[in-house]
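Engineer: Sequence:
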Amino acid sequence: MLRTPQVNELTAAVQALREWQHDDAPMQLHPGDIGWAWRLGAEATAAAVRTWSRDGRILAVGFLDQPDLLRFTMAPDAHHDEDLAQQLAEDVKDPSRGVLPAGKVYIESPKHTRFQEQMFSDGWQSDEPWTPLRRDLSQPVEDPEAEVEVIGPGQAHEYAEVIRASFDRSTFTEERWHNMASGPYEDARSLVAYAESQPVAAVTVWSAGPGKPGLLEPMGVHRDHRGRGFGKAITIAAAKTLQQLGSSTALVCTPSSNEGAVATYKAAGFQPMPEVFDQRRD
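Under my numbering, the sequence shown has 156 at position 156, and the numbering climbs by one with no breaks.
Calculated from the structure, these hints are not laboratory results. All values derive from a computational prediction rather than experimental measurement. Note that beta-carbon positions come from the ideal geometry of N, C-alpha and C, so glycine has one too. Mixed in with the good hints, there may be bad ones.
[Stated by the list, open to error] Here are the simulated DSSO-like pairs of lysine-lysine, each with C-alpha atoms no more than 30 Å apart in a straight line:
1. K111 with K266
2. K104 with K93
3. K111 with K93
4. K266 with K93
[What the hints assert, rightly or not] Using C-beta positions, here's what the derived DEER-type ranges look like:
5. Q198 with D83: 52 to 58 Å
6. D77 with E9: 19 to 25 Å
7. R3 with R228: 32 to 38 Å
Required output: the full structure, derived from the provided sequences and hints.
Structural biologist: Here is the structure:
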């Protein structure tokens with residue numbers, strides 16, 4: 001059964017995502033993706049989430065990252081569930097179901113599932129490649145060689161300043177940090193790197209619980225301070241923070257075309273995994 005949850009029902013969707021994270025899983029929707037979306041407010045986040053359930057159990061969770069982009073994942077034991085794959089395909093393809101509109105749209109889902117096979121059979125195409133990267137946190141993480149702080153509400157304006165200056169179309173504000181922190185943020189941390197007391201880089205990390213992969217989302221370096229190693233430093237600090245939170249690995253994913261970002265993550269000890277592709281209907 002397809003459902004758009006109410007705000008008070010989002011906890012169940014986030015908890016399902018937590019339970020489905022494990023180190024052998026393909027790159028997939030993470031509870032941190034929902035946490036980052038919370039910057040726009042609880043109501044907007046709920047409106048962008050879709051769940052599919054059977055017999056009272058959530059089997060798939062989707063998130064409309066953009067009106068034309070659905071990111072979703074499913075319970076590990078449902079990856080090859082024929083009935084679920086058929087239901088998902090029907091709901092995604094039919095604009096009247098309220099998942100994706102007509103026209104050109106995109107889907108991000110785990111590789112090698114019955115659903116993904118079904119969509120290729122229905123004529124959907126692979127889109128541009130993304131590179132997932134992973135750092136094993138079973139070994140000690142080195143110091144970042146920069147001044148990095150875990151920030152709280154009093155420094156939210158500094159975090160917001162860096163994020164806005166890191167992404168060309170960013171509309172991030174101090175208010176949005178507070179929105180984010182009011183969501184499923186109990187196992188998350190926001191970090192800011194400083195140089196001569198100026199905020200120069202920022203990241204938020206999201207734990208899915210002890211022994212599970214954690215996520216970096218987002219990570220940015222102020223455009224006026226690039227090329228000085230701050231991206232590497234704050235990425236190392238992010239990995240160290242996730243290790244302290246009990247995460248087994250640190251994950252991040254970036255467009256393969258963003259060679260600078262890939263190089264930064266690799267310099268910080270992250271290993272690239274096989275590329276992943278969204279599916280596209282033209």
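Engineer: Holds or violated: 19 to 25 Å for the Cβ distance of D77 and E9?
Structural biologist: Taking Cβ atoms as reference, D77 and E9 lie about 22 Å apart, which means the hint holds.
Engineer: Check whether the Cα positions of K266 and K93 lie no farther apart than 30 Å.
Structural biologist: Answer violated: K266 to K93 is near 37 Å, above 30 Å.
Engineer: Taking 52 to 58 Å as the hint, is the beta-carbon distance of Q198 and D83 inside that range?
Structural biologist: holds (56 Å)
Engineer: Tell me if the straight-line CA distance from K111 to K93 falls inside 30 Å.
Structural biologist: holds (19 Å)
Engineer: Do the beta carbons of R3 and R228 sit within 32 to 38 Å of each other?
Structural biologist: Check failed, 47 Å falls outside 32 to 38 Å.
Engineer: Can you confirm whether the C-alpha distance between K111 and K266 stays at or below 30 Å?
Structural biologist: holds (23 Å)
Engineer: Within a Cα-Cα threshold of 30 Å, do K104 and K93 meet the stated pairing?
Structural biologist: holds (11 Å)
The structure does not agree with the numbered hints 4, 7 stated previously, though it agrees with the rest.
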